[in-house]
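**Q** First to last, the protein sequences are chains A and B. Just so we're aligned, residue 1 is where the first sequence starts under the working numbering, counting upward by one. Just so we're aligned, residue 1 is where the second sequence starts under the working numbering, counting upward by one.
Don't read these hints as lab results, they were simulated from the structure. All C-beta atoms, glycine included, are put in the ideal place defined by N, C-alpha and C. Any given hint could be a false lead.
Chain B side only, calculated, beta carbon under 7 Å to chain A, not exhaustive [unchecked claim]:
1) Tyr-79
2) Ile-317
3) Pro-320
4) Leu-322
Here are some of the chain A residues that sit facing chain B, going by a computed Cβ distance under 8 Å [said to hold, decoys possible]:
5) Trp-17
6) Tyr-77
7) Val-100
8) Gly-127
9) Tyr-131
Where chain B lies over chain A, by a calculated footprint (3+ residues, C-beta under 8 Å) [what the hints assert, rightly or not]:
10) 111 to 125
11) 265 to 274
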Amino acid sequence: MLLWAMRAIAETTGRLWNNLTDRFSIPREKWTTVDSMIYGMDNYYEYDPARVREARTQAIREAFDHHFSNNLFYHRYCKDSDVQPDDVTSEEDLTSIPMVPDSFFKDYPEEDPKSVYEWLYRVSSVGIGDYDFSGGSLQDFLHWAESRLQGIVTHSSGTTGNFSIMFRDELTTRRLFYAFDKTLLFSIVHPDDDAQFVYPGPVKTYLTMGHWISEGTRVFDKSQRHFLTERELTMDIVRLMSGQIQGFKDKMKLKLLQRVMKKGQHKLIKLLEKLNNAGKQVIILTFPFQLYDLMEIMRQEGVSLSLGDHNGIVITGGGWKIHQGKKVSPQTFAGMIEDTLGIPAEHYKDIYGMSEMNALGMDCEGRYKHLHPWLYPMVLDEDNQPKGYDEEGRFAFLDPVSHSYPGFIVTGDHVKLYERCPVCDRPGVVMDSDISRMAGAEAKGCGNLMRDLIAEELR
Amino acid sequence: MFAKIREEFDKGLFIPLPMLRNLGGAVGALAFVMAKHPRAALANVPGWMARLRRSKPPWGHLDDESRYDSRQLLSPEDYEDLPPVGTEKYLRPTRLCESDAPEIRAMAVKLGAGEKTPLEFTRAVYEFVKNEKKLVFKTMRGALATFRSKGGVCLDQLSLMAALLRAGGVSARYRLYALSPSQQFYDTVLRDDLLLSETLEMLGFLDSLHGETEALVDGKWIPLDSTFSDELEAGMGLPITSFGEEPTWRDRVLTSDIRFEGFPLMFRHLLVPVLFALRTTVDVVNTKLDMLRAQGLETIDRLGREQYNEQQQSSHIELPSLEEVEAFRNGGTVTVDAEAV
């Protein structure tokens, strides 16, 4: 255990902070190295780079040892690659750690719950116990698996129609939500105790973004959380959204949900006006296209707000294709936010995240994405060999936070990394804002699906 | 008379509704994308002009493929003592599957019909079609024309495989299913073309436009997809598929598959408007495929098929059984020593 990070958290006070620590912290005596980073660092974006690199290497070594020792498929995979924990002694050795493609998490053989359970049992680094699920649907099974893991289970969907299933046990879940909440709610501006959280999407879903928001924002009271709709977004509807029409009934359900969401946008504008007039601090977390739509409606209706006067913030994530391939630059978008919502550019942050990763990249003032310090990011070439900084390629990472699955993953995202931010002085590796999917990688992430739901007609 | 009507229905008189619907959906999406990008659509005009100048239909295929005619592999003696033409369901000739043609029957004998076991004969047919015939995008022309040329679209290759199998006494049928192309296929063939990539994005996946031949061997239907030759798979950086393996250039999508004995009436003409509309695009794709095959051949020559496949499969992750996982978690690490892996 490293002692460097044992400084007390000074500025973080208030009811929301207490809720966060009550809900997601881990007793200090149980901290591993990665916990000392997540729970012990005052600020994820201001630190001593040398010490953090040392801690990160140690955290990744501990995680590697855990998965090697507790996960048979990964153990064999490492042996095939002729790598074991003793071989990783320094930061230079990290790139030898075998990584799993993100598509691996949709490779369960069949969609009946028993098959998915058996797949989960075989790919997990933690025990999930015996199978006593008696329901029929995969959606219900995810609920069962979540209670069994005492954590969070989410899915995303791709063009093949196979869901990618991510499963986090209690330890991983606590780490994830603590880190994400601390980053998003406490590192931009300090939230008031009666701050209002707004997410213009559905949260009754296991789709990653919605489910994370549903669970991660429980630090707010119920009256402080506002969502676009309480309607359920089931896996059947998600499948339908990704182009696989199952039947008339599902088609009607989707149509209804689309109508509700369209209507919900007007309700949301009214809510924002009300919160603005009441002088409440508003925290909006959303996909860029959702906010773009909302701001377009506001512009057409001549509505402009001054949420910035009460320290309002906007956080977006999920990509920059707004509609039909049209991209809006983060700078232009920040200008639109300032004009319509009255929130200054410095209170608007775009984030990079993905369902397999327990870390985020958050904008600095130069719109470069600063990655969480425990993550070891890489850019790979066509042969999956690490490239240097300042080069574009396939994004891969070593994530020591994950306890339930090996968080050493090769993604389908095409990115560019810099060793240092070209604009600000904060330490750590940053990612260029221009992130795209590798050609051929499944295009339908959370953001694309939600965009289809709101913006496109049914196929 | 009723038996004859029944036979005609079995052999594929009408296009099954799901097939028609899926084809209509794909063509509709393509038409939408072309209307959205008229400039990209007009880029196909030079392809029409090149054909009209040579008095060919605008959707026609221009290349001289006579050197690929597989009749060259047969000697006059091969045409002696041909096997009888099957009359039973899945053994008889059907539309685009000319299992009664002398050269098809002669090749079936040359590949071991009547001598090898049905499984070995099926393997030989698979290898022949996979590596003798190439994926070439052109209008569907059936098994015989494919045999006499460089190859054809996937469905033509399936027809040739079915025809050879039937001629050799192994029952064969078609199975169409939905797929999503692999990353390598998307990267090398689809990505750079606006019309193809946007159509795929709209559709999400392709339904009923690809399939496999199923051979009935020892009471079990074996799926066979010979579309990508070894060198094309290697050229795309994919593992080389062997008999009995699932090709990796696509992911199956879980929808209802369509199985049938013979292609329906008019089916082959459905591809004509697509070939017409995308003439230059298809020419570019065919050129790319030739280039990839040349690259793949070089790779296989350099590394050898086995070593190439070993390299490809080293990144494949095998999952252990439930029992192995349980033993491992209970401390039975001995089961995962290198010898067991």
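**Q** State for each hint whether it applies.
**A** How the hints compare with the structure:
1. Hint on Tyr-79/B is violated. Least Cβ distance to chain A is approximately 46 Å, over the 7 Å limit.
2. A least Cβ separation of about 6 Å between Ile-317/B and chain A falls short of the 7 Å threshold, and the interface hint therefore holds.
3. Interface restraint check for Pro-320/B: the shortest CB-CB distance to chain A comes to about 5 Å, inside 7 Å, so the restraint holds.
4. The closest approach between the C-beta of Leu-322/B and any C-beta of chain A is roughly 6 Å, which is under the 7 Å cut-off, so the hint is satisfied.
5. With 8 Å as the threshold, the beta carbon of Trp-17/A stays out of range of chain B, its nearest partner Cβ sitting at about 38 Å, so the hint is violated.
6. The interface hint given for Tyr-77/A is met, as the beta carbon of that residue sits about 6 Å from the closest beta carbon of chain B, less than 8 Å.
7. Residue-level restraint check for Val-100/A holds (minimum Cβ-Cβ distance to chain B is 7 Å; threshold 8 Å).
8. Proximity of Gly-127/A to chain B holds as hinted, the smallest CB-CB distance being about 7 Å (cut-off 8 Å).
9. With a least beta-carbon distance of about 10 Å to chain B, the hint placing Tyr-131/A at the interface is violated under the 8 Å criterion.
10. As drawn, the segment 111 to 125 of chain A meets chain B at 6 residues by the rule of a beta-carbon pair under 8 Å; at three or more, the given contact holds.
11. Note: the segment 265 to 274 of chain A has 0 residues with beta-carbon separation from chain B under 8 Å; the three-residue rule is not met and the coverage is violated.
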